[in-house]
Amino acid sequence: MTEQVGAASARAVWRERLAGIPYVLPAVLVIVAVMSYPFAYSIYLSFQGTPSYTTETHFTGLANYAVVLHDSVFLHSLITTVTWTIGCTIVDIVFGMGAAIIVNGLRWFRGPIRAALMLPYIVGYVIASYAWLWLYQAEYGLLNQVLTSWNIISEPVSLLSSLTWALPAVMLVNIWKTMPFAMIMFLAGLQAIPEQTVMAAELDGASPMRIFFEIKLPYLRRVLVITSTLLTFQNFNTFTIPYIMTSGGPLNETEIVSNYIYNLAFTNLNFGGAAAASVIVMIGLMAFAVVYVGSLSRRQPGVV
Amino acid sequence: MAVSGYTRRQALQAAAGAAGLAATGVWSKPGLAAATADITGKLVAWDWSDAPSVPGVEAQAEFYTKYFPGMYKDLKFSSTIFGYTDLLPKLTVAWRASNQPDLARTAIQWSQQFVGTDQCATITEEELGIPFKEFLPGALLSVRKNGAGEGPLYGIPTNNEVMFLLYNKAIFTKAGLDPNKPPTTWDELAAFSKTIHDKTGSYGYGMCAQQNQGNTPYRFMPMAWAYGGAIFDELLPHPTWRNIGIGNDGVVAALALYNKMFNIDKSVQPSAMSDNQTNVQTLFLDGKVAMCIDHPSFPQQVQQLKPDLDMGGALLPTGPVRRAVVLGGSNFHIRKTTTNKPAALALMKAYLAPYWNARLGTGAGSEGSTEISRASDEQKLLSKDLPFNDLVFDMLPFGVNVPLVTQGAQIWNNTIPGMIQQVLSGRSTPKEAAAAAASQVQQMMAT
Numbered sequence: 001m002t003e004q005v006g007a008a009s010a011r012a013v014w015r016e017r018l019a020g021i022p023y024v025l026p027a028v029l030v031i032v033a034v035m036s037y038p039f040a041y042s043i044y045l046s047f048q049g050t051p052s053y054t055t056e057t058h059f060t061g062l063a064n065y066a067v068v069l070h071d072s073v074f075l076h077s078l079i080t081t082v083t084w085t086i087g088c089t090i091v092d093i094v095f096g097m098g099a100a101i102i103v104n105g106l107r108w109f110r111g112p113i114r115a116a117l118m119l120p121y122i123v124g125y126v127i128a129s130y131a132w133l134w135l136y137q138a139e140y141g142l143l144n145q146v147l148t149s150w151n152i153i154s155e156p157v158s159l160l161s162s163l164t165w166a167l168p169a170v171m172l173v174n175i176w177k178t179m180p181f182a183m184i185m186f187l188a189g190l191q192a193i194p195e196q197t198v199m200a201a202e203l204d205g206a207s208p209m210r211i212f213f214e215i216k217l218p219y220l221r222r223v224l225v226i227t228s229t230l231l232t233f234q235n236f237n238t239f240t241i242p243y244i245m246t247s248g249g250p251l252n253e254t255e256i257v258s259n260y261i262y263n264l265a266f267t268n269l270n271f272g273g274a275a276a277a278s279v280i281v282m283i284g285l286m287a288f289a290v291v292y293v294g295s296l297s298r299r300q301p302g303v304v
Numbered sequence: 305m306a307v308s309g310y311t312r313r314q315a316l317q318a319a320a321g322a323a324g325l326a327a328t329g330v331w332s333k334p335g336l337a338a339a340t341a342d343i344t345g346k347l348v349a350w351d352w353s354d355a356p357s358v359p360g361v362e363a364q365a366e367f368y369t370k371y372f373p374g375m376y377k378d379l380k381f382s383s384t385i386f387g388y389t390d391l392l393p394k395l396t397v398a399w400r401a402s403n404q405p406d407l408a409r410t411a412i413q414w415s416q417q418f419v420g421t422d423q424c425a426t427i428t429e430e431e432l433g434i435p436f437k438e439f440l441p442g443a444l445l446s447v448r449k450n451g452a453g454e455g456p457l458y459g460i461p462t463n464n465e466v467m468f469l470l471y472n473k474a475i476f477t478k479a480g481l482d483p484n485k486p487p488t489t490w491d492e493l494a495a496f497s498k499t500i501h502d503k504t505g506s507y508g509y510g511m512c513a514q515q516n517q518g519n520t521p522y523r524f525m526p527m528a529w530a531y532g533g534a535i536f537d538e539l540l541p542h543p544t545w546r547n548i549g550i551g552n553d554g555v556v557a558a559l560a561l562y563n564k565m566f567n568i569d570k571s572v573q574p575s576a577m578s579d580n581q582t583n584v585q586t587l588f589l590d591g592k593v594a595m596c597i598d599h600p601s602f603p604q605q606v607q608q609l610k611p612d613l614d615m616g617g618a619l620l621p622t623g624p625v626r627r628a629v630v631l632g633g634s635n636f637h638i639r640k641t642t643t644n645k646p647a648a649l650a651l652m653k654a655y656l657a658p659y660w661n662a663r664l665g666t667g668a669g670s671e672g673s674t675e676i677s678r679a680s681d682e683q684k685l686l687s688k689d690l691p692f693n694d695l696v697f698d699m700l701p702f703g704v705n706v707p708l709v710t711q712g713a714q715i716w717n718n719t720i721p722g723m724i725q726q727v728l729s730g731r732s733t734p735k736e737a738a739a740a741a742a743s744q745v746q747q748m749m750a751t
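Protein chains in written order, with the numbering used here: chain A, 1 to 304; chain B, 305 to 751.
Same shape as in the complex, but just chain A (with noise of 0.2 Å):
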């Protein structure tokens, strides 16, 4: 008898499962269309000989990913990608959980100020990078008007010329772009919590930071885990900000992968080294999605 009511509901899950399959066959295949051919043909790509003076390909082996991984200007902007995706993410995540509180706690005008930082989510990457360009100008920028004017420098500087501070600065344009993100999504899933709860907790007497510890994080993992994966997977793949506001420069210095890659690609003409680059980088990504939200999403007893 146990062992028919097991099978029926195993059939049942089954079904259930098979059930959703029409749902998302359309958007699967449309998917598996569009990105299965240029993927393959990446891969293959990455093991041919592509040189700049023919349009002719060979097959080279290993020969482009170890050229790749011997150019010290793509481990550069690999250590800069890292480096820029982790600062970011983190600084989006931390930001943006913060606004998203301070916004739900808002009795008045949550609506207008939560629309006010959403906006630069909703301006174009283009457009955001002119805009900062133009702040960060070193002879006529906001930002050096209004530090010369109070005395904090005595002459223009140049963020964006600067080998120190020209990551900082670019990266600080990202994150004014991505934040409002991790604030939406940080702001549904405070939404999403049982009054009732965080109510018994307050009549228990726990304090707000245990209340945000104890019940609203976990009730949050999800989101953290699916927010932070979109922004780490977003911010490394970043193109635009650093290619307009400062093309990579100084010395490399804001050269991310994607614009190593795109370089390589269009300026060099070896589309073979940049292949073998993007398959280097998709590995790298993959084997960080698998870990990164395996990790976040085990559950842990009594968590929800």
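Each hint should be verified, as a subset may be incorrect.
What the hints assert, rightly or not - Each pair of labels, with its calculated beta carbon distance range:
{"#": "1", "chain 1": "B", "residue 1": "384", "chain 2": "A", "residue 2": "147", "range": "42 to 48 Å"}
{"#": "2", "chain 1": "A", "residue 1": "145", "chain 2": "B", "residue 2": "731", "range": "26 to 32 Å"}
{"#": "3", "chain 1": "B", "residue 1": "590", "chain 2": "A", "residue 2": "24", "range": "54 to 60 Å"}
{"#": "4", "chain 1": "A", "residue 1": "191", "chain 2": "B", "residue 2": "751", "range": "54 to 60 Å"}
{"#": "5", "chain 1": "B", "residue 1": "390", "chain 2": "A", "residue 2": "108", "range": "43 to 49 Å"}
{"#": "6", "chain 1": "A", "residue 1": "191", "chain 2": "B", "residue 2": "582", "range": "42 to 48 Å"}
{"#": "7", "chain 1": "A", "residue 1": "145", "chain 2": "B", "residue 2": "751", "range": "46 to 52 Å"}
{"#": "8", "chain 1": "B", "residue 1": "453", "chain 2": "A", "residue 2": "290", "range": "56 to 62 Å"}
{"#": "9", "chain 1": "B", "residue 1": "384", "chain 2": "A", "residue 2": "107", "range": "50 to 56 Å"}
{"#": "10", "chain 1": "B", "residue 1": "541", "chain 2": "A", "residue 2": "289", "range": "54 to 60 Å"}
{"#": "11", "chain 1": "A", "residue 1": "39", "chain 2": "B", "residue 2": "492", "range": "53 to 59 Å"}
{"#": "12", "chain 1": "A", "residue 1": "226", "chain 2": "B", "residue 2": "397", "range": "31 to 37 Å"}
{"#": "13", "chain 1": "B", "residue 1": "492", "chain 2": "A", "residue 2": "147", "range": "30 to 36 Å"}
Claimed, not checked - Once the Cα atoms are required to be at most 20 Å apart in a straight line, the calculated DMTMM-like pairs of lysine to aspartate or glutamate come out as:
{"#": "14", "chain 1": "B", "residue 1": "592", "chain 2": "A", "residue 2": "155"}
{"#": "15", "chain 1": "B", "residue 1": "449", "chain 2": "A", "residue 2": "56"}
{"#": "16", "chain 1": "B", "residue 1": "394", "chain 2": "A", "residue 2": "56"}
{"#": "17", "chain 1": "B", "residue 1": "564", "chain 2": "A", "residue 2": "155"}
{"#": "18", "chain 1": "B", "residue 1": "498", "chain 2": "A", "residue 2": "155"}
{"#": "19", "chain 1": "B", "residue 1": "640", "chain 2": "A", "residue 2": "202"}
{"#": "20", "chain 1": "B", "residue 1": "498", "chain 2": "A", "residue 2": "139"}
{"#": "21", "chain 1": "A", "residue 1": "216", "chain 2": "A", "residue 2": "195"}
{"#": "22", "chain 1": "B", "residue 1": "592", "chain 2": "A", "residue 2": "139"}
As the list claims (entries may be wrong) - Examples of chain A residues toward chain B, derived with CB under 8 Å:
{"#": "23", "residue": "52"}
{"#": "24", "residue": "138"}
{"#": "25", "residue": "161"}
{"#": "26", "residue": "248"}
{"#": "27", "residue": "266"}
Simulated from the structure, these hints should not be mistaken for laboratory data. The beta carbon of each residue, even a glycine, is placed where N, CA and C say it ideally should be.
With chain A held as given, fit chain B onto it using these hints.
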């Protein structure tokens, strides 16, 4: 004349002949009309355009949407105008896949990546109907394989340009300099720049030194050539593009002068390492920078945007060895695998008719590519509205080509700006940076 039966008079007559189309109600601008009955099938053309603010770009839209389609009604014609930076990657991918367009106009420094890789059809004088000696010899080098002095042409120059020096007369006066005496040598330019910064607080010279940016060598190489420097042997009448010259004393001297202006005198804007042409233009318009090097179209923009800016123009300064300037412009190329070469040639001919060549060249911030168009009435009419256009004609003989090798874009956009940034950032001495650049070029050419 090399082509039998072609004379200037006949060319003009042919151009005027197209006006007969007006009688049939077709668009009536004069051009070198091919026989309309022969031009059928399908033709796809790609072109690029500068910013919409550049005066005269409307001529391009008129040509592609009204004039040329009006000439050949049986031709299924489509054209796309890309932004300057958009065209190259798209065309690179499209032509490597042997795909559309049938013909494309590319900036002169991009030509070799298509010519050198055998992606372009040859074009003969007979096919074009215009003697090749109408074009500047330097411009023809850019459409021959590996920039050779002789051999078949794999494209046709559409427009050519050279830059010149612009300066703000009011800042010169404020600095105690004679506003009618611009610097004549690069050393003098550096000295003027220092005087201006010391006495007025404005920056003397607008330096472009952004990484991965073609604008950067466009301003630096004239100075390097003037000091006797070179990238290869491009200063020879028949360069081989094999002898690497970038590590030589002339380049080192030019780098040292850049270093002096940026790091020692601090007479150029501090943002130079992240500034491109557009940034410097804005600084010049705002009166923050007293001198800059720019395209022929820029003074007209200045007149429109800042009519009260008292601007002077001058030839690019000379150096101890020579006066030089980058020979800019664009070329038309026909895809080797096109199925409609006659239609592509018809478009080229229409484009090169003196009236259109002058208008479209001016619209692209240049001059027409043929001698006949540069001497045409249309050009004279257009030149009236182009401040300092006489300087362009005076500078054209000093034009020197960009590296005419398939690795040219890499050298131009990466190696030279990288070399300059090494010096300006203090990471390398001029000699070290030039030697490293020479080594990079050597490696590129070896692979």
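Hints, one by one, checked against the model:
1. Our hint of 42 to 48 Å for residue 384 of chain B and residue 147 of chain A holds, since their Cβ atoms are close to 45 Å apart.
2. Under the hint 26 to 32 Å, the C-beta atoms of residue 145 of chain A and residue 731 of chain B, about 30 Å apart, fit the expected range.
3. The supplied range of 54 to 60 Å is met by residue 590 of chain B and residue 24 of chain A, whose beta-carbon atoms lie about 56 Å from each other.
4. With their beta carbons about 58 Å apart, residue 191 of chain A and residue 751 of chain B fall inside the hinted range of 54 to 60 Å.
5. Distance hint for residue 390 of chain B and residue 108 of chain A: a CB-CB separation of about 47 Å, consistent with the stated range 43 to 49 Å.
6. Judged by the Cβ atoms, the range 42 to 48 Å given for residue 191 of chain A and residue 582 of chain B holds: they are separated by roughly 45 Å.
7. Our hint of 46 to 52 Å for residue 145 of chain A and residue 751 of chain B holds, since their Cβ atoms are close to 48 Å apart.
8. About 58 Å separates the C-beta atoms of residue 453 of chain B and residue 290 of chain A, a value consistent with the hinted range of 56 to 62 Å.
9. The hinted window of 50 to 56 Å between residue 384 of chain B and residue 107 of chain A holds, with their beta carbons roughly 54 Å apart.
10. The beta-carbon spacing between residue 541 of chain B and residue 289 of chain A, approximately 59 Å, falls within the hinted interval of 54 to 60 Å.
11. Between residue 39 of chain A and residue 492 of chain B the CB atoms are about 58 Å apart, so this pair conforms to the stated range of 53 to 59 Å.
12. A beta carbon spacing of about 34 Å between residue 226 of chain A and residue 397 of chain B agrees with the range 31 to 37 Å that was offered as a hint.
13. Restraint check, residue 492 of chain B to residue 147 of chain A: a C-beta distance of roughly 35 Å satisfies the suggested window 30 to 36 Å.
14. A C-alpha spacing of about 14 Å is found between residue 592 of chain B and residue 155 of chain A, which places the hinted pair at or below 20 Å, so the restraint holds.
15. Under the criterion of a C-alpha separation no larger than 20 Å, the hint pairing residue 449 of chain B with residue 56 of chain A is consistent with the structure, at around 17 Å.
16. Note on residue 394 of chain B and residue 56 of chain A: the hinted pairing holds, with a Cα-Cα distance of about 18 Å set against a maximum of 20 Å.
17. Restraint check: the Cα-Cα separation between residue 564 of chain B and residue 155 of chain A comes to about 19 Å, which is no more than 20 Å; the hinted pair holds.
18. A threshold of 20 Å between alpha carbons decides the hint, and for residue 498 of chain B with residue 155 of chain A the separation of about 17 Å falls inside it, so the pair holds.
19. Among the hinted pairs, residue 640 of chain B with residue 202 of chain A is inconsistent with the structure: their alpha-carbon atoms are about 77 Å apart, more than 20 Å.
20. Between residue 498 of chain B and residue 139 of chain A the alpha-carbon distance is near 17 Å, which keeps this suggested pair within the 20 Å criterion.
21. Taken as a hint, the residue 216 of chain A and residue 195 of chain A pair is honoured in the structure, with Cα atoms around 11 Å apart against an allowance of 20 Å.
22. For the given pair, residue 592 of chain B sits about 7 Å from residue 139 of chain A by alpha-carbon distance, which is consistent with the 20 Å threshold.
23. Annotation: residue 52 of chain A was flagged as interfacial toward chain B, and the flag holds, the nearest CB pair being 5 Å apart, inside 8 Å.
24. Annotation: interface hint on residue 138 of chain A holds; nearest CB of chain B at approximately 4 Å, less than 8 Å.
25. Interface hint at residue 161 of chain A: satisfied, since its Cβ lies 4 Å from the closest Cβ of chain B, which is below the 8 Å cut-off.
26. Below 8 Å, beta-carbon pairs count as interface contacts, and residue 248 of chain A has one with chain B at about 5 Å; its hint therefore holds.
27. The interface hint given for residue 266 of chain A holds, since its Cβ lies 4 Å from the closest Cβ of chain B, which is under the 8 Å cut-off.
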